[in-house]
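Chains as they are written, first to last, in this note's numbering: chain D, 481 to 735; chain E, 5 to 272; chain F, 177 to 460.
Keep in mind the hints are simulated off the structure, nothing from the lab.
Just so you know, even glycine gets a beta-carbon here, dropped at the ideal spot from N, CA and C.
Do not take every clue at face value.
Rough simulated footprint, nothing fancy, chain F against chain D, three-plus residues with beta-carbon under 8 angstroms [what the hints assert, rightly or not]:
1. 531 to 544
2. 561 to 567
3. 583 to 597
4. 640 to 647
Each chain, written out:
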Amino acid sequence: MDEISKKIEVIGLSAWFGDKQALKSINMYMQEKCITAIIGPSGCGKSTFVRCLNRMHETIPGAAAGGRIMLDGENINDPKIDPVLVRRKVGMVFQKPAPFPTMSIYDNVASGIKLNGRTNKSELDRVVEQSLKQAAIWEEVKDSLSKPGIGLSGGQQQRLCIARALAVKPEVLLLDEPCSALDPISTGKIEELLHELKKEFTIVIVTHNMQQAARVADFTGFFLLGDLIEFDVTKNIFTAPADKRTEEYVTGRFG
Amino acid sequence: MVFAGSIPLLFFLVLLMLLFQSRLALFTFGPWFFLSSAWNPVKSQYGALPFIYGTVVSSLLALLIAAPLGVGCAIYLSEVSTSRSKEWIATMVDLLAAIPSVVFGLWGIFVLGPVFGLSMMSAGVLLAIMILPTITAISREVLQAVPGTLRESARALGATKWETIRLSVLPPAASGIIGSIVLGLGRALGETMAVTMVIGNRPQISGSLLAPAYSLSAVLANEFAEASSDLNFSVMVEIGLILLIITVLVNGLARLLVWKMVSNSRIQ
Amino acid sequence: MENGQQQSYSIRKFKEKAFLALVFAAALLAVVPLISLLGFVVYKGIGALNLDFFLHTPVPVGEKGGGMANAIVGTLMIVGLGCLFSLPIGLLGGLWLAEWGKGKRGFLIRYTVDVMSGFPTIIFGMFAYVLFVLTMRRFSALAGGFALALVMLPYITKTTEEMVKMVPRTLKESALALGIPEWKVMLFVVLRTAWSGIFTGIMLAVARAAGETAPLLFTAFNNQYWNLQLDQPTASMTVQIYNYAISPFEEWNRMAWAGSLALVAIILAITLVVRKYSKRVVYG
Numbered sequence: 481m482d483e484i485s486k487k488i489e490v491i492g493l494s495a496w497f498g499d500k501q502a503l504k505s506i507n508m509y510m511q512e513k514c515i516t517a518i519i520g521p522s523g524c525g526k527s528t529f530v531r532c533l534n535r536m537h538e539t540i541p542g543a544a545a546g547g548r549i550m551l552d553g554e555n556i557n558d559p560k561i562d563p564v565l566v567r568r569k570v571g572m573v574f575q576k577p578a579p580f581p582t583m584s585i586y587d588n589v590a591s592g593i594k595l596n597g598r599t600n601k602s603e604l605d606r607v608v609e610q611s612l613k614q615a616a617i618w619e620e621v622k623d624s625l626s627k628p629g630i631g632l633s634g635g636q637q638q639r640l641c642i643a644r645a646l647a648v649k650p651e652v653l654l655l656d657e658p659c660s661a662l663d664p665i666s667t668g669k670i671e672e673l674l675h676e677l678k679k680e681f682t683i684v685i686v687t688h689n690m691q692q693a694a695r696v697a698d699f700t701g702f703f704l705l706g707d708l709i710e711f712d713v714t715k716n717i718f719t720a721p722a723d724k725r726t727e728e729y730v731t732g733r734f735g
Numbered sequence: 005m006v007f008a009g010s011i012p013l014l015f016f017l018v019l020l021m022l023l024f025q026s027r028l029a030l031f032t033f034g035p036w037f038f039l040s041s042a043w044n045p046v047k048s049q050y051g052a053l054p055f056i057y058g059t060v061v062s063s064l065l066a067l068l069i070a071a072p073l074g075v076g077c078a079i080y081l082s083e084v085s086t087s088r089s090k091e092w093i094a095t096m097v098d099l100l101a102a103i104p105s106v107v108f109g110l111w112g113i114f115v116l117g118p119v120f121g122l123s124m125m126s127a128g129v130l131l132a133i134m135i136l137p138t139i140t141a142i143s144r145e146v147l148q149a150v151p152g153t154l155r156e157s158a159r160a161l162g163a164t165k166w167e168t169i170r171l172s173v174l175p176p177a178a179s180g181i182i183g184s185i186v187l188g189l190g191r192a193l194g195e196t197m198a199v200t201m202v203i204g205n206r207p208q209i210s211g212s213l214l215a216p217a218y219s220l221s222a223v224l225a226n227e228f229a230e231a232s233s234d235l236n237f238s239v240m241v242e243i244g245l246i247l248l249i250i251t252v253l254v255n256g257l258a259r260l261l262v263w264k265m266v267s268n269s270r271i272q
Numbered sequence: 177m178e179n180g181q182q183q184s185y186s187i188r189k190f191k192e193k194a195f196l197a198l199v200f201a202a203a204l205l206a207v208v209p210l211i212s213l214l215g216f217v218v219y220k221g222i223g224a225l226n227l228d229f230f231l232h233t234p235v236p237v238g239e240k241g242g243g244m245a246n247a248i249v250g251t252l253m254i255v256g257l258g259c260l261f262s263l264p265i266g267l268l269g270g271l272w273l274a275e276w277g278k279g280k281r282g283f284l285i286r287y288t289v290d291v292m293s294g295f296p297t298i299i300f301g302m303f304a305y306v307l308f309v310l311t312m313r314r315f316s317a318l319a320g321g322f323a324l325a326l327v328m329l330p331y332i333t334k335t336t337e338e339m340v341k342m343v344p345r346t347l348k349e350s351a352l353a354l355g356i357p358e359w360k361v362m363l364f365v366v367l368r369t370a371w372s373g374i375f376t377g378i379m380l381a382v383a384r385a386a387g388e389t390a391p392l393l394f395t396a397f398n399n400q401y402w403n404l405q406l407d408q409p410t411a412s413m414t415v416q417i418y419n420y421a422i423s424p425f426e427e428w429n430r431m432a433w434a435g436s437l438a439l440v441a442i443i444l445a446i447t448l449v450v451r452k453y454s455k456r457v458v459y460g
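Next comes chain D alone, as it looks inside the complex (with noise of 0.2 angstroms):
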């Protein structure tokens, strides 16, 4: 048995919105080069969760989070780092696409590069289509990379927002519910992207839809009020869970 790398490992983190405690004491990890699914009821807590490790929850006004995230053995939810360098490192692809509007397919991708100083045409390029080619639609669209992003059909522009956020190479990649908003077509060709990429990057996928996490995930994670009720193997998690009401989710009783 392989010893296990934790790409990141949460140690007692809890959030906030106000004075409202949306996570308490969440203790878990990711490891390295896997999928995780984080799943729940809504209003359990899955979205902050994730938008934590980003540090993206902390740009709602009023919102907080205390807590360890260890992401290969440094504290990114440490004040003393600049948010933006941990989202540098950690991606995230949000529920509805969002290409920027004013963009090209092409600006679109590069954005990440481009805005963070550096533009050399031929090193875009090379990016451009390599995140592409690895979000899969590069196929699809070298033809008509000057068109505008939001052009394209909704699956399509999901797969180029994970373009554009491969672009900056990050080394985790959240995903917030993205197939909810697309077609069982375009999620099925999203799922099978996502078997890929995990080949290089470690991705952490939040679902409210189980049949996706059981297909996709070596991880799950099983979220309820705040609390994080069991983390286990998929497999384990699906067929054997060890808490009842993580057993009652998934069997559909509620939620």
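Using the hints provided, position chains E and F relative to the given structure of chain D.
Relative to the frame of chain D, chains E and F by itself:
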């Protein structure tokens, strides 16, 4: 943040400037300034009454004309007309709002002048035309903010269009419509160029609407830069201060009325 | 309701007809002045609108030729200065209000902007006079530009705030998640997305400023000759029209109409184009 903060800074600077520069006049004349009609800069005689009179009367005259027309037009656009003509008329009323003040003044000189002379009456009529778009546009918005269910219930009971409007649309829209009229008043009070071109620019109070008159803004336009002494200058600034206070108060009242009505209808 | 049901049907019908007629008449009457005004401006102005008008400066009464060329350039200059002064504060201020202006401070600033938009514009002229003309001891385009900037500022701020508020939050978040510093996100993603809407707001503010006279009367004053220097009195279309309109010379009155035609044409053109364009704003 700095940039946003500089806006109130500018605002207060303007106020401060006005207060500061008018202090000489304020101290010299005190409250008598508002009651005196004497105006002879050479002899250092200053009284603001003719200007206040002119500003107020010309604006009220404008309201008298523009309020019924503006509200009527708004009712027409919002409740009565079908879409074809509506867009045209609405566009034209909007365009009226974009025309520069001087052009209105020029038109006023040559169209109203022969009819009413350079007088209070001309100023009142011209102002009425200029504030009409404001009253119409806001009244129209206010009317459209009244929920459709009220209208439907009235029509369902067999009421005619007029009865429907009178009983279920106008009452909730009333304070907003009044607000639009007050806003129109605010505009009229502050209007400068068009007024000075047709009002005659004579500092006098006369019983006849056809006699020349003057207004606060008009005297500023004509005599501010010609102020011959420190006192003269200070008086001009004080006149500006009076004008500003009147317009700000009236506009503030108007916004209160309109805002109150719009937020009430949202609660419904 | 009871009243209506008790009155006879024919009386109610009559009232209804009277009402519809009155209201329609009001709408027509509202439109008549505009038609008359535009008619006069076109009719009286078109005669004097010739090449001279656009190429020459004013000439004394009695001489032929002469135009408002310097005034046209002057208006461009002064409005340009106005933009220079008001755009940074308006854009960034509006941006701040939209993103961080939810508390008391935001309320105060928004309220101030609102109140300022109702000021008689001559007051801004007075302020610019004290600030620039008295200190520089002369009239200048700079002073005029500053006064116009104060006129334009509330509109630009308000439009920017509204347009930025319309940018969906996910756009901003996606940009932040790429590891782009917040100020860059604000300027290069959020502002850029809202730009087409903001631009139309700016154009409308410019159209309005171009039509202002009172703030220029004692700031930029006027100038019968060419002037491209920022610290000298400068002609403007509006002030020139005003002077010509109130003069007793028929020659000059005609020039006033011509100037009005040119000015109104420009302003209406901007307004109409902007209205058409703003209906197509889409955020995807």
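Exercise for review: Determine which of the earlier numbered hints do not hold for this structure and return their numbers in increasing order.
Suggested key: none
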